[in-house]
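Numbering (the numbering used here), first residue to last: 1100 to 1586.
Treat the hints with caution; some may be incorrect.
Below, computed lysine-lysine pairings styled on BS3-like, alpha-carbon distance capped at 27 Å [claimed, not checked]:
no., residue 1, residue 2
1, 1331, 1486
2, 1552, 1534
3, 1463, 1387
4, 1531, 1383
5, 1283, 1454
6, 1178, 1254
7, 1486, 1330
8, 1415, 1454
9, 1534, 1357
10, 1251, 1178
11, 1531, 1352
12, 1198, 1305
13, 1328, 1226
14, 1383, 1171
15, 1204, 1335
16, 1567, 1178
17, 1283, 1352
18, 1265, 1282
19, 1225, 1204
20, 1282, 1383
21, 1265, 1570
22, 1142, 1341
23, 1240, 1178
24, 1357, 1531
25, 1383, 1357
26, 1328, 1342
27, 1142, 1342
28, 1387, 1240
29, 1383, 1142
30, 1331, 1454
31, 1171, 1312
32, 1342, 1305
33, 1331, 1312
To be clear, the hints were calculated from the coordinates, so they are not data collected in a lab.
Remember, predicted model here, so these are calculated numbers, not experimental data.
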Amino acid sequence: MKTKIITLITILAMSFVSTAQIDRSIQPTPTSAPKVKLGKVEKFTLPNGLQVIMVENHKLPRASASLTIDNKPVFEANKAGVASMMGSLLGRGTPSISKDDFNEKVDYLGAYVNFYSSGASASSLKKYFPEIIALMADGIKNSTFTQEEFNKEVKVTLDGLKSEEKSVTAIARRVENALIYGKKHPYGEFISKETIENISLADVQKNFNTYYKPNNAYLVIVGDINPSKTKKMVTKLFGDWKKGTIPANSFEKPKNVKNTQINFIDMPNAVQSEIVVANNINLKLGDKDYYAAIVANTILGGGGTARLFLNLREDKGYTYGSYSSVRQSRIAATFRATASVRNIVTDSSVVEIMKEIHEIRTQKVSPEELKNAKAKYVGDFVMEVQKPVTAARYALNIALYNLPENFYENYLKNINAVTLEDVQNAAINYFKADKARIIITGKATDVLENLTKNNTYPIQYFDTQANKISKPTMKSVEKSAVKSRIK
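Model the full assembly from the supplied sequences, consistent with the hints where possible.
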């Protein structure tokens, strides 16, 4: 018994000494960023200009191909939707195979082949990959556009537009894009019944013949492949794809408002308000401020531990989630903070979102927040690079954005180099609380009274087509609500 007591005292003493030696008030010294090794990438270019990127990986007996056509967006004006229509009609038969036989063969092989206006994709087991990529190549080069299929797609599109008119989320996004980018920008224009009815089969064929070209395209192949054999196969399948001159397109550059304002869109059937705080920014992948901007966004609204989420959901209970994003782009980049909230707390939610944006601009974030944001990026990045498709995607980004070859090898080092001052400066430069649109799509009868009474920003009113209108009177709003319920 005495021996047991002495042993217990010794263990407790050792535990006390061990605990006493650890000062938990001192932040651990950060370790250096882990070295990232990306998979081997092989590249070649066909005489027609098609750039091919291959990544060999034998973990699974599968292979995939993805085509990206890197054209600038086109402003389609009174024929908005023609490119989308073209993408939907691709692959519905070629001179050598009917639509039904094409689909039946893909299904039989347990694969998939998809086409869209800016490219195509395919995936299958290794043993079927030569057949699947041949079908994909045939659809890319030789799709037939028939009046019958065109008429079917027009009907499907019009039916979809009709159902969207009752969707608060769809209307919110449509008006948001029109206001942020402008109606004369490719990202701001939207498809309507009128623009679809303006499109003919000849317009679709012209769009395909004009913009679907190899000399501005990238083909990425990943999986259980033999690079040498794959190169020969790709050359045979895509070598006769004819290149062409792609027209240069121009459009108006998006502009921010001079002062922050609320833009309200009445949706009588809305059971909650869709709130978006947004502004245009100038940010591309690889820019000097890129790393600080994405870290700042992670702290503000990048997930369940970020400030917006903790405030609007965890503390206030206004919403199931509130987030923000920084969309980098060579064409038109944006910052957005969003939340879907209960009607009765719409005005309060605007106050809290703007408070969080102001705070990250005017006060440095805490060292703990910065450390956690960096750790999240390191963890996500290390997990991502384990996937073979990641190496191919990174190689594609390097080509698209003209990045240095070691861009991703240095990615974590650049993330870890971000300072507290960098985060604040990025927030000031990109989260423009003083030049933002606060776009609210909701039920006027439930929202407007408190919104007009309690806010400090001027309010402008828009209809569901993003046309500016006068403030709706409560009488007209109530009549609209009744009409909406009858429908």
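Quiz prompt | Hints not upheld, ascending by number | solution = 5, 28 and 30
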